[in-house]
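**Student:** One-letter residues, chain by chain:
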Amino acid sequence: MKIQDVPQDPGACLAGHEKLNYAVDAQGRYVGVPTIGWEVETAATEVSTQVTIERITRAWDDARAGRTSPLGYHMAVVQLDAAQLATETGLWRWQVRRHLKPAVFEKLGAAHLARYADALGIPVETLRRVPDAPDTP
Amino acid sequence: MSDQPSALSPGATSREPVQVGTALPADAVPDFRHLHAGHCESGVTASMFQNAGFPISEPMVFGVGGGVFFSHFSFVRVMGHPLTTFRSFPGNIFKNACSRLGVTYARETFRSPVTGMQRLDDLLAQGKRVGLQVNIYWLPYIPRPMRVHFNGHNLLVLEKRGVGADAIYIVSDPVMECLFQCPADALRRARFSGTHPLLPRGLLYYPTGFAAEPDLRVAVDTGLKQVCRHMLKIPSMLPWMGVQGIAHLGREIAAWPQRHGEDKAREWLAGVVRMQEEIGTGGAGFRFIYGAFLQQAGDALQWPELAAMAGPTTLVGDKWRVFALHASRLARGRRGRAAPADGAVSTTEEWAALRPLLEEIAAAERTLFSQLETVRAGRRLLGTG
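Going down the list, the protein sequences come from chains C and H. Reminder that position 21 of the first sequence reads as 21 in the numbering used here, one-by-one numbering, no gaps. If you want the numbering used here, it's the position in the second sequence, counting the first as 1, plus 1000.
Keep in mind that a hint or two might mislead.
Pairs of lysine to any residue residues, derived as SDA-like cross-links and limited to a Cα-Cα distance of at most 20 Å, are as follows [stated by the list, open to error]: (1) H:Lys1264 to H:His1081; (2) H:Lys1319 to C:Arg67; (3) C:Lys2 to H:Gly1311; (4) C:Lys107 to C:Arg67; (5) H:Lys1225 to H:Lys1319; (6) H:Lys1264 to C:Arg58; (7) H:Lys1264 to C:Arg67; (8) H:Lys1128 to H:Asp1027; (9) H:Lys1233 to H:Lys1128; (10) H:Lys1264 to C:Gln79; (11) H:Lys1264 to C:Glu54; (12) C:Lys2 to H:Asp1318; (13) H:Lys1095 to H:Gly1209.
Hints were generated in silico from the structure; no laboratory data involved.
Kindly produce the complete structure, drawing on both the sequences and the hints.
**Tutor:** As structure tokens, this is what we get:
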């Protein structure tokens, strides 16, 4: 890749920051060239972001409709599944799955709630509720 | 006092209000030169070395550390994606670069986050700049689309400001062009996140001593040997690694739409492009940074045959960029649109078309690394340098 071919495509991917590519000058010498992004990688990122948004929205729908507990929604927001949340909290996977049932979640003790809240990086009060709109990237 | 995101000036004290996860100018910490790098781990390592007075570039660290690799494991899932990587295992670039350049180092992991954070604070109080391996998802300054649960991200911590829950750390993340503030809580979570087989367990690392006169020739030679071996000498019964892994990826991709459905296939293909370009590889899945290494190493050792290998490496990198272009176009595709009326998968040919692209890259890389081996062997036979 030549210096003049280093893409400088504006996009949300780097949020105005710059990363570094390596490219060659006219003499074939390598130099580091800052770039604000490449539409090709932005497009790929958008595909992934779209999948994440769909996943979060679906989890939000389920939690709002009472098909899952609020934990299901908050887990989706931080892009974790039950197995990952289990390793994050030190609980068993079947425990996390059980806590996705609204009735079970309602009766969850303070210790368990605190554990989930810490792993998800939110306060306990937030964890117990499903917001009015999904928090998507 | 302003409310600007970059409100913390070099002379600021910890009493000033601090914005969460905001940018700082690259020169905000006195006596520290921020290095803007292509890749996080080689960037952290080069930055540590440079700021300790050992002048070495990021590409040299990457090459000496044997950073280039390829593997695609269709049966290993990371965040629901098959694992595709263009580099060696996280942590190896630092360890290899250190041992090959005569740098002694410490690497510590922790069972308890409390101990791990305390140890970091103690080292910072001693004036050390400390490298960390973290889960990039929990770093608030990273733009949100790039925040995924990847536990192999590296950054350098420069200092701690404030105490208790309000404490913030000044971090130098080499893939970004400036410094950032990171709240203590977020940094703890990033260090001790347990969502991936590559658990960092709070891993921190720093150099402890530098050799008076490192033997660059041996260091470069060892790095070259490692990369050639890993790219070329993986037994064919392990088709997932080395140059054969690239062709394997081509076969896999062509089969994805039938096996897993088009939506999944698009999602995964986008993931491959992200691993190749977006996550900080210097472009073309580390191939350009490796070209820069060959050139710089060749010049430093007066080894023109090695420097000349930068040319073919660039050409291979350009092929990877073309692949990314086609793959990204296909991944974006017609997601969510109705299937064609006849019910057939309309894009089978497009998916199959990626396969020869990757087979061509596999062949080009086989030639490249074979030539590199020859260049290496020639130097040894001549007994020069």
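**Student:** Now tell me, hint by hint, if it's right for this structure.
**Tutor:** Structure-based check of each hint:
1. Note on Lys1264 (chain H) and His1081 (chain H): the hinted pairing holds, with a Cα-Cα distance of about 9 Å set against a maximum of 20 Å.
2. A C-alpha spacing of about 48 Å is found between Lys1319 (chain H) and Arg67 (chain C), which places the hinted pair above 20 Å, so the restraint is violated.
3. For a cut-off of 20 Å, the pair hint linking Lys2 (chain C) to Gly1311 (chain H) stands: about 12 Å separates their Cα positions.
4. The suggested pairing of Lys107 (chain C) with Arg67 (chain C) holds, with an alpha-carbon distance near 16 Å, which does not exceed 20 Å.
5. Under the criterion of a C-alpha separation no larger than 20 Å, the hint pairing Lys1225 (chain H) with Lys1319 (chain H) is inconsistent with the structure, at around 24 Å.
6. Under the criterion of a C-alpha separation no larger than 20 Å, the hint pairing Lys1264 (chain H) with Arg58 (chain C) is consistent with the structure, at around 17 Å.
7. For a cut-off of 20 Å, the pair hint linking Lys1264 (chain H) to Arg67 (chain C) is broken: about 25 Å separates their Cα positions.
8. For the proposed pair Lys1128 (chain H) and Asp1027 (chain H), the alpha carbon gap of about 17 Å is at most 20 Å, so the pair holds.
9. In summary, the hint linking Lys1233 (chain H) to Lys1128 (chain H) is not supported, as the alpha carbons are separated by about 40 Å, beyond the 20 Å threshold.
10. Distance restraint check for Lys1264 (chain H) and Gln79 (chain C): the Cα-Cα separation of roughly 17 Å lies within the 20 Å cut-off, and the hinted pair is therefore satisfied.
11. The straight-line distance between the Cα atoms of Lys1264 (chain H) and Glu54 (chain C) is roughly 13 Å, inside the 20 Å bound, and the hint therefore holds.
12. Among the hinted pairs, Lys2 (chain C) with Asp1318 (chain H) is consistent with the structure: their alpha-carbon atoms are about 10 Å apart, no more than 20 Å.
13. Between Lys1095 (chain H) and Gly1209 (chain H) the CA atoms are separated by roughly 14 Å; this keeps the pair inside 20 Å, and the hint holds.
In this structure, the earlier hints numbered 2, 5, 7, 9 are contradicted, and the remaining ones agree with it.
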